[in-house]
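We have chain A already, so just place chain B on it with the hints.
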Amino acid sequence: MRKPVLEIKNITVETGGKKVIHDLSLSIGKGEIHALMGPNGSGKTSLCFAVLGNPAYTVTKGNILLDGKRITALPTEERARRGIFLSFQEPPEIGGVGVSSFLRMMAKKHAEDPRAAMKKADNAAKELRISETFMERYLNEGFSGGEKKKSEMLQLAAAAPKIALIDEIDAGVDVDSLRAIARILKDAAKNGTGMLIITHTAKLFSALKPDRVHIITNGTISASGGPALIKKIEKGGFRAHA
Amino acid sequence: MKHSAYQYGFHDSVRPLYRVPHGLSEDTVREISAQKNESAWMRDTRLRGYALFRKKPIPTWGADLSHIDFDAISYYVRATDKPAHTWSEVPKKIKTTFERLGVPQNERKFFAGVGAQYDSEVVYHHIRKDLDKQGVIFTDTDTALKQYPELFKKYFGTVVPIGDNVFSALNTACWSGGSFIYVPKGVKVKLPLQAYFRINEKRAGQFERTLIIADEGSDVHYIEGCTAPTYSTDALHAAVVEVIAHKGAHVRYTTIQNWSSNVYNLVTKRARAEEGAFIEWVDGNLGSKITMKYPSVLLAGRGARADILSVALAGKKQHQDTGAKVIHMAPDTVSNILSKSVSFGGGRASYRGVAQVVKGAHRAKIKVRCDALLCDARSRSDTYPTIKVEEQDARIEHEATVSRISDKELFYLASRGFSETEAASLVVSGFFEPLAKTLPFDYAIELNRLIRMEMENTKQK
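Protein chains in written order, with full-length UniProt numbering: chain A, 1 to 242; chain B, 1 to 461.
Hints were generated in silico from the structure; no laboratory data involved. Check the hints yourself; a few may be wrong.
[Stated by the list, open to error] Per label pair, the in silico range of CB-to-CB distance: (1) ARG380/B to ALA207/A: 49 to 55 Å; (2) LYS408/B to SER131/A: 25 to 31 Å; (3) GLU397/B to PRO227/A: 55 to 61 Å; (4) ARG179/A to PHE10/B: 54 to 60 Å; (5) ARG380/B to ASP211/A: 53 to 59 Å; (6) GLY142/A to ILE387/B: 26 to 32 Å; (7) GLY142/A to LEU47/B: 57 to 63 Å.
[Said to hold, decoys possible] With a cut-off of at most 16 Å between alpha-carbon atoms, the simulated EDC-like pairs for lysine to aspartate or glutamate come out as follows: (8) LYS30/A to ASP187/A; (9) LYS317/B to ASP64/B; (10) LYS188/B to GLU216/B; (11) LYS408/B to GLU93/A; (12) LYS408/B to GLU90/A; (13) LYS437/B to GLU136/A; (14) LYS109/B to GLU446/B; (15) LYS289/B to ASP69/B; (16) LYS153/B to ASP44/B; (17) LYS188/B to ASP219/B; (18) LYS108/A to GLU422/B; (19) LYS109/B to ASP442/B; (20) LYS365/B to ASP393/B; (21) LYS162/A to ASP67/A; (22) LYS109/A to GLU420/B; (23) LYS162/A to GLU112/A; (24) LYS109/A to GLU422/B; (25) LYS9/A to ASP67/A; (26) LYS408/B to GLU141/A; (27) LYS185/B to ASP219/B; (28) LYS126/A to ASP187/A.
[Said to hold, decoys possible] If you want the footprint, here are the derived chain A segments under chain B, 3+ residues with CB under 8 Å: (29) 54-60; (30) 103-115.
Glycine included, each C-beta is placed from N, C-alpha and C at the ideal position.
Bound-form chain A, shown alone (with noise of 0.2 Å):
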């Protein structure tokens, strides 16, 4: 097996005085499609925002490692700028910034050359069928769930991160977008990113093939395997998995 990009070792999670992640364990190696998949409330969540060091959340055992090094105690911003992206399930209204705007913040901000970053996030606008007026609208304001999703997948490919979390990207996505969505996962991948899947369907791995399948259940990973993981599932749910 390749040197893992992003290696989750043992880690222990708490928000609010209450433990949300027990003991986790994960290595996401580069180019490598990972799912995640488990109940709702099982902590996926919780997962990518330890991983991205959200203040609420704090990793009482364990530690986080990009690259080698321990990233466990750096803010998020910093952890962003080393390469670590998450696809947010419910995006905030950032008012007043247009769409295309962000982007080529983002590209200035995390790609060595923000042209090449810009042209990315511009065919994936084009994969998924983004209207011009949907650039300038601004950042999440009044989007449906759809096209918060979308954004994302935009900042994403202008982003071109080693690791990208992505949380529940299927949800309120319709089937033909889902597929642009898998394109553009697909690309990210083969380009180098490291990635994370997160989903309670299997909706999107019918055109995404995942390297490895994690079953999260109660805060820790309960089973992991190939492909064939997911058909089990789809058949008898997470809890025979538990």
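Relative to chain A, chain B alone:
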């Protein structure tokens, strides 16, 4: 070297040619008038202003003005002899100052005319030849008094009476400089006319007087910017602006106020809109120690309209007491007020507004919206709206919101690589987008840069 985050805080070693002694007396007023070789009419008007200034109380209903030491201020400081019409005639040091502020560079790019005032006097004035030929007047107010005395007398003090308030009286007594604009019937000035105001002297007062007359069916956009060096002693800026929009005329007046944090900025701005005329005030307040400014419109003719956008950024030790006033005096008049304020680093922003409909002004429509953004718990925002309506069929809407930058927004932006300060300035810039949209492109970029600097500055302290 002491590092100052206020980029325009530098001062130049320009020795004034002339300066009246500190403090104000009847003799000082006479001296200012004599220095300017004015007519008896103007001298007497100044003296009336002085008498009213002495009689009127300093307002106590708004920001704290009790620390202004009127005796410590220089009321008239002149650095050059007369306004130049090309930059090469402007004294080198002063020209360098304006170059550092980007004034000559921007003139070439997007203005139809530019005026530059340094302390009390305008040092440069230029208008494009084609507009000159069409009869557009754009000059400094002192020159206008001499060259167009009839026009001047006809309008001076008609919108803001001498004794309107203590600062309009003070301005009348010792006014100097400012812009004078006359746009003839039907002439539409496509590019904006710009003025730049700079205070350089320590403890100086700047009392410019601006008078804009837009004749029937004409159209003009005037834009002004201002800065001052950061001194430990206070400076005073008390301007008066009068705008007259005749039948069907359109005037947009934009101010981006970026005074240093030792300036008291107490300005009376008022416009009179005749039948079908349209007045737009775009008023951005970023700098100063205290600002009290409420751009007003008298909707005097049927169907007149007013749009007022008042934007304030109040940081550490700043109080921006700003707002708008609309007085509906005729039927079918419409006004829109949008106030947006941001308080951060312990700053205070207050909205103070008047919406009035007088008897006979049927079917008046007024819409007021005040949005406040609080960046932290130390900062403060208040709203003081006054509504007086004497007609039953008036339609008035008033809406006010207060929001905070949420942890969710901060985390989202942090996850995109923005530091807390970067995230806050991005949210603030977004909040001010309605202002940025009205500005020429480079001004909008500059505005966002200023916001970022202000917010980073607070973070450092």
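Tested hints:
1. A C-beta distance of roughly 53 Å is found between ARG380/B and ALA207/A, which places it inside the suggested range of 49 to 55 Å.
2. The supplied range of 25 to 31 Å is met by LYS408/B and SER131/A, whose beta-carbon atoms lie about 27 Å from each other.
3. The hinted window of 55 to 61 Å between GLU397/B and PRO227/A holds, with their beta carbons roughly 58 Å apart.
4. Roughly 59 Å separates the CB atoms of ARG179/A and PHE10/B, a value that falls within the hinted 54 to 60 Å.
5. Checked against the hint of 53 to 59 Å, the C-beta distance between ARG380/B and ASP211/A comes to roughly 55 Å, which is consistent with it.
6. The beta-carbon spacing between GLY142/A and ILE387/B, approximately 30 Å, falls within the hinted interval of 26 to 32 Å.
7. At about 59 Å, the beta-carbon gap between GLY142/A and LEU47/B stays in the expected band of 57 to 63 Å.
8. Distance restraint check for LYS30/A and ASP187/A: the Cα-Cα separation of roughly 13 Å lies within the 16 Å cut-off, and the hinted pair is therefore satisfied.
9. In summary, the hint linking LYS317/B to ASP64/B is supported, as the alpha carbons are separated by about 12 Å, within the 16 Å threshold.
10. Straight-line distance between C-alpha atoms of LYS188/B and GLU216/B comes to about 11 Å, which keeps the hinted pair within the 16 Å bound.
11. Note on LYS408/B and GLU93/A: the hinted pairing holds, with a Cα-Cα distance of about 10 Å set against a maximum of 16 Å.
12. For the given pair, LYS408/B sits about 10 Å from GLU90/A by alpha-carbon distance, which is consistent with the 16 Å threshold.
13. For the hint linking LYS437/B to GLU136/A, the alpha-carbon distance of about 13 Å falls within 16 Å, and the restraint holds.
14. Of the supplied pair hints, the one linking LYS109/B and GLU446/B holds, its CA atoms being roughly 15 Å apart against a limit of 16 Å.
15. About 14 Å separates the Cα atoms of LYS289/B and ASP69/B, which keeps this hinted pair within 16 Å; it holds.
16. Distance hint between LYS153/B and ASP44/B is fulfilled; the C-alpha atoms sit about 13 Å from each other, no more than 16 Å.
17. With a C-alpha separation of about 4 Å, the suggested pair LYS188/B and ASP219/B falls inside the 16 Å cut-off, and the hint holds.
18. At most 16 Å may separate the alpha-carbon atoms for a hinted pair to count; LYS108/A and GLU422/B meet this at roughly 14 Å.
19. Pair hint LYS109/B plus ASP442/B holds up; C-alpha atoms about 10 Å apart against a cutoff of 16 Å.
20. With a CA separation close to 9 Å, the supplied pair LYS365/B and ASP393/B stays within the 16 Å bound.
21. For the hint pairing LYS162/A with ASP67/A, the CA-to-CA distance comes to about 9 Å; that is within 16 Å, so the pair holds.
22. Restraint check for LYS109/A and GLU420/B: the C-alpha separation of about 15 Å stays at or below 16 Å, so the hint holds.
23. With a C-alpha separation of about 13 Å, the suggested pair LYS162/A and GLU112/A falls inside the 16 Å cut-off, and the hint holds.
24. Of the supplied pair hints, the one linking LYS109/A and GLU422/B holds, its CA atoms being roughly 12 Å apart against a limit of 16 Å.
25. As the CA atoms of LYS9/A and ASP67/A are separated by approximately 13 Å, the hinted pair is consistent with the 16 Å bound.
26. Restraint check for LYS408/B and GLU141/A: satisfied, since their Cα atoms lie roughly 14 Å apart, inside the 16 Å limit.
27. This hinted pair checks out: LYS185/B and ASP219/B have alpha carbons roughly 9 Å apart, not beyond 16 Å.
28. Simply put, LYS126/A and ASP187/A have alpha-carbon atoms about 14 Å apart, close enough for the 16 Å limit, and the pair holds.
29. With 3 residues having a Cβ less than 8 Å from any Cβ of chain B, the segment 54-60 of chain A passes the three-residue criterion, so the hint holds.
30. Residues of the segment 103-115 of chain A lying with their CB closer than 8 Å to a CB of chain B number 4, which satisfies the three-residue condition for coverage.
The structure fails none of the hints (numbered hints given earlier).
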